[in-house]
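Q: Let the sequences and hints guide you as you build the complete structure.
Residue numbers (our numbering), protein chains in the order written: chain A, 1 to 261; chain B, 1001 to 1263.
For the record, the hints were derived by calculation from the structure and aren't laboratory data. Check the hints yourself; a few may be wrong.
Computed cross-link-like contacts, EDC-like style, restricted to lysine to aspartate or glutamate with a CA-CA straight-line distance of at most 16 Å [claimed, not checked]:
{"#": "1", "chain 1": "A", "residue 1": "Lys54", "chain 2": "B", "residue 2": "Glu1127"}
{"#": "2", "chain 1": "A", "residue 1": "Lys28", "chain 2": "A", "residue 2": "Asp215"}
{"#": "3", "chain 1": "B", "residue 1": "Lys1036", "chain 2": "A", "residue 2": "Glu83"}
{"#": "4", "chain 1": "A", "residue 1": "Lys209", "chain 2": "A", "residue 2": "Glu184"}
{"#": "5", "chain 1": "B", "residue 1": "Lys1042", "chain 2": "A", "residue 2": "Glu114"}
{"#": "6", "chain 1": "A", "residue 1": "Lys164", "chain 2": "A", "residue 2": "Asp125"}
{"#": "7", "chain 1": "A", "residue 1": "Lys37", "chain 2": "A", "residue 2": "Asp215"}
{"#": "8", "chain 1": "A", "residue 1": "Lys54", "chain 2": "B", "residue 2": "Asp1133"}
{"#": "9", "chain 1": "A", "residue 1": "Lys142", "chain 2": "A", "residue 2": "Asp128"}
{"#": "10", "chain 1": "A", "residue 1": "Lys37", "chain 2": "A", "residue 2": "Glu229"}
{"#": "11", "chain 1": "A", "residue 1": "Lys239", "chain 2": "A", "residue 2": "Asp226"}
{"#": "12", "chain 1": "B", "residue 1": "Lys1042", "chain 2": "A", "residue 2": "Asp106"}
{"#": "13", "chain 1": "A", "residue 1": "Lys124", "chain 2": "A", "residue 2": "Glu141"}
{"#": "14", "chain 1": "B", "residue 1": "Lys1036", "chain 2": "A", "residue 2": "Glu114"}
{"#": "15", "chain 1": "A", "residue 1": "Lys54", "chain 2": "B", "residue 2": "Asp1130"}
{"#": "16", "chain 1": "A", "residue 1": "Lys117", "chain 2": "A", "residue 2": "Glu141"}
{"#": "17", "chain 1": "A", "residue 1": "Lys118", "chain 2": "A", "residue 2": "Asp106"}
{"#": "18", "chain 1": "A", "residue 1": "Lys142", "chain 2": "A", "residue 2": "Asp100"}
Some chain B residues well away from chain A (every beta-carbon gap over 12 Å; in silico) [what the hints assert, rightly or not]:
{"#": "19", "residue": "Val1031"}
{"#": "20", "residue": "Ala1083"}
{"#": "21", "residue": "Leu1093"}
{"#": "22", "residue": "Leu1132"}
{"#": "23", "residue": "Ser1160"}
{"#": "24", "residue": "Gln1187"}
{"#": "25", "residue": "Thr1194"}
{"#": "26", "residue": "Leu1200"}
{"#": "27", "residue": "Arg1238"}
Some chain A residues close to chain B (C-beta under 10 Å, calculated; not the full set) [said to hold, decoys possible]:
{"#": "28", "residue": "Phe31"}
{"#": "29", "residue": "Leu85"}
{"#": "30", "residue": "Gly90"}
{"#": "31", "residue": "Ser96"}
{"#": "32", "residue": "Ala97"}
{"#": "33", "residue": "Leu98"}
{"#": "34", "residue": "Glu114"}
{"#": "35", "residue": "Gly138"}
{"#": "36", "residue": "Glu140"}
{"#": "37", "residue": "Gln162"}
Values in this document were obtained by computation on a predicted structure and should not be read as measured data. The C-beta atom is built at its ideal place from N, Cα and C for all residues, glycine as well.
Residues per chain, in single letters:
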Amino acid sequence: MTDIAIEFKDVVKSFSSADGKKQTVLDKVSFSIPVGKTTVVAGGSGQGKSVTLKLILGLMQADKGSILVNGKDISGIGGRELEELRTRFGVLFQGSALFDSMTVYDNVALPLRERTKKTEQEIKDQIDETLEQLELSGHEEKYPAQLSGGMQKRVGLARALQLKPEIMLFDEPTTGLDPVMTQEIYHLFARTQALVGYTAIIVSHDIPKVLNLADQVIILNSGKVDVFESPEAIQWSKKEHILEFVKTTMGQIYQSHLMEK
Amino acid sequence: MQKNSLTKLGNTGIYVLGDLGRMGLYLLQIVRGAFKRPFRFKELIRQVHFIGAQSSSVIFFTALSTGMVLGLQGYYSLHKFGAEGMLGSAVSLTLIMELGPVLTALMVAGRAGSAMCAELGIMRISEQIDALDCMAIDPFRYLISPKVLATLIAMPLLTSIFDIVGIAGGYLVGVNLKGVSPGSFIQGMQSSVTNHDIRLGLIKSLVFALLVVWICTGRGYFVREIRGAGFGAESVSRVTTQAVVLSSISVLIFDYLLTAVLL
Chain A
1 MTDIAIEFKD
11 VVKSFSSADG
21 KKQTVLDKVS
31 FSIPVGKTTV
41 VAGGSGQGKS
51 VTLKLILGLM
61 QADKGSILVN
71 GKDISGIGGR
81 ELEELRTRFG
91 VLFQGSALFD
101 SMTVYDNVAL
111 PLRERTKKTE
121 QEIKDQIDET
131 LEQLELSGHE
141 EKYPAQLSGG
151 MQKRVGLARA
161 LQLKPEIMLF
171 DEPTTGLDPV
181 MTQEIYHLFA
191 RTQALVGYTA
201 IIVSHDIPKV
211 LNLADQVIIL
221 NSGKVDVFES
231 PEAIQWSKKE
241 HILEFVKTTM
251 GQIYQSHLME
261 K
Chain B
1001 MQKNSLTKLG
1011 NTGIYVLGDL
1021 GRMGLYLLQI
1031 VRGAFKRPFR
1041 FKELIRQVHF
1051 IGAQSSSVIF
1061 FTALSTGMVL
1071 GLQGYYSLHK
1081 FGAEGMLGSA
1091 VSLTLIMELG
1101 PVLTALMVAG
1111 RAGSAMCAEL
1121 GIMRISEQID
1131 ALDCMAIDPF
1141 RYLISPKVLA
1151 TLIAMPLLTS
1161 IFDIVGIAGG
1171 YLVGVNLKGV
1181 SPGSFIQGMQ
1191 SSVTNHDIRL
1201 GLIKSLVFAL
1211 LVVWICTGRG
1221 YFVREIRGAG
1231 FGAESVSRVT
1241 TQAVVLSSIS
1251 VLIFDYLLTA
1261 VLL
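A: Structural data, given as structure tokens:
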């Protein structure tokens, strides 16, 4: 078993706009994500953060280059192979992506009912345990519209954890949440990661808070990437766009350091 | 200026071809999804109830009104030639071969097709379809194929209801209001309507069902890819309108083509 969960090798991804112009979002991007660690993917709007997640999940195909998951190239795979790959992932979407016509219980039970042969009793036992861990007990019969934003995120997390994913992808997980709820959600990530032992990839604007969880940080800018082996390493970069990133996102924390530079 | 217009024309051509290709592949995927296990029988029954049973009242009133108007107009025209006895034949043939399948398809497109398109569009923009993909649950098998099968089951049934209620409406006006003999109305109907006519009506209803459900669910599924649709809730409303218009026009075009080929 390799100690690299995901590897991008010279990945290129472009999009054509309505007027036929080509925009390259990822330009020969290479990086790797270590197993069992937390990697934060940061960058401004339109820099390719969500595209990176979609490429990993096989929801989009790269124009060039290869993407390896546990050492296996996933470029161009489809059918059962792709389905099998996706069962290894758990995803928490920006808007939680809960099915509004289903109760909390049915939302969380969906992957178990569709992807496993477990009996309803086994499913119930597993869901009861997860809902208790995520402090959602008693809300089973509610519909997503009856829940707060933070609770919806927790239900989304509960659903994503049901198939015991090896890799969890978090797409802007704290967007729209207040600081207290944000902290609570990050606390839950850390707790569930310790329990399940998944590799976490967090796409977030919520810098610097999310950096507390990070083992590695990837910053996307104008189609290129900068990989930092620790959040602290960011402050030693001399690149102009990184300095700008630090200045705009980390604010006062590194202000004195920037003054010295 | 000329170069700009040519570029725009070229881009539109590429977009239209791309859209046709996407919809063609989508049709193949919904057919494949219909045969994929496990089948969702409960969802299929729920969809038949929604598309079929819940459309029956609007079908009933449209059919009754259409049959009654046909009875009146048919009587008016035939009376000029002293051929009122042919009223049963005229009403039943018009309804079974033409108006029954077409008007039922238009009603289903307006009522159930728009709802299916909006539902899938909202699911797409709120990432619910992406969530299904990420859980390795085939959205075609899980979401779309039950709607397709339900429409294929419900449409011929609704068309049959339309035909029966429409003929009853024509009978009501022709016999009870205009004094046409009940025997000649029934006799005219029995002698002119053949199995071939009924088969043509049923084939039409099946083709229209496929057209309506393919276009309506496809527009909702691809809401993000449709040029000029905009974003968010606005994109869903625009695409829903487009789906109903496109499916209605397709029904009318295919009605002519099928009549020309099968008559």
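Q: Let me know if the C-beta of Phe31 of chain A comes in closer than 10 Å to any C-beta of chain B, holds or violated.
A: This interface hint is violated because 21 Å lies over the 10 Å limit.
Q: Once the shortest beta carbon distance from Glu140 of chain A to chain B is found, is it less than 10 Å?
A: With a minimum Cβ separation of about 19 Å from chain B (threshold 10 Å), the hint on Glu140 of chain A is violated.
Q: For a C-alpha distance cap of 16 Å, please report whether Lys142 of chain A and Asp100 of chain A respect it.
A: Cα-Cα ~10 Å, so holds.
Q: Using Cβ atoms and 12 Å as the threshold, tell me whether Val1031 of chain B really stays out of contact range of chain A.
A: 16 Å, holds
Q: Within a Cα-Cα threshold of 16 Å, do Lys54 of chain A and Glu1127 of chain B meet the stated pairing?
A: Measuring from Cα to Cα gives roughly 12 Å; hence the hint holds.
Q: So if I understand the rule, the pair passes when the alpha-carbon distance is 16 Å or less; does Lys164 of chain A with Asp125 of chain A pass?
A: 15 Å, holds
Q: Once the closest CB in chain A is found, is it more than 12 Å from Leu1132 of chain B?
A: 9 Å, violated
Q: Can we confirm that no CB of chain A comes within 12 Å of the CB of Ser1160 of chain B?
A: Holds: least Cβ distance 31 Å, greater than 12 Å.
Q: Hint check: is the beta carbon of Leu85 of chain A less than 10 Å from a beta carbon of chain B?
A: With a closest approach of 8 Å, the Leu85 of chain A hint holds.
Q: Within a Cα-Cα threshold of 16 Å, do Lys1036 of chain B and Glu114 of chain A meet the stated pairing?
A: 13 Å, holds
Q: Would the pair Lys37 of chain A and Glu229 of chain A pass a check requiring their Cα atoms to be no farther apart than 16 Å?
A: 11 Å, holds
Q: Hey, is Leu1093 of chain B genuinely clear of chain A, shortest beta carbon separation above 12 Å?
A: 43 Å, holds
Checked against the numbered hints given earlier, the structure breaks hints 2, 16, 22, 28, 35, 36 and satisfies all the rest.
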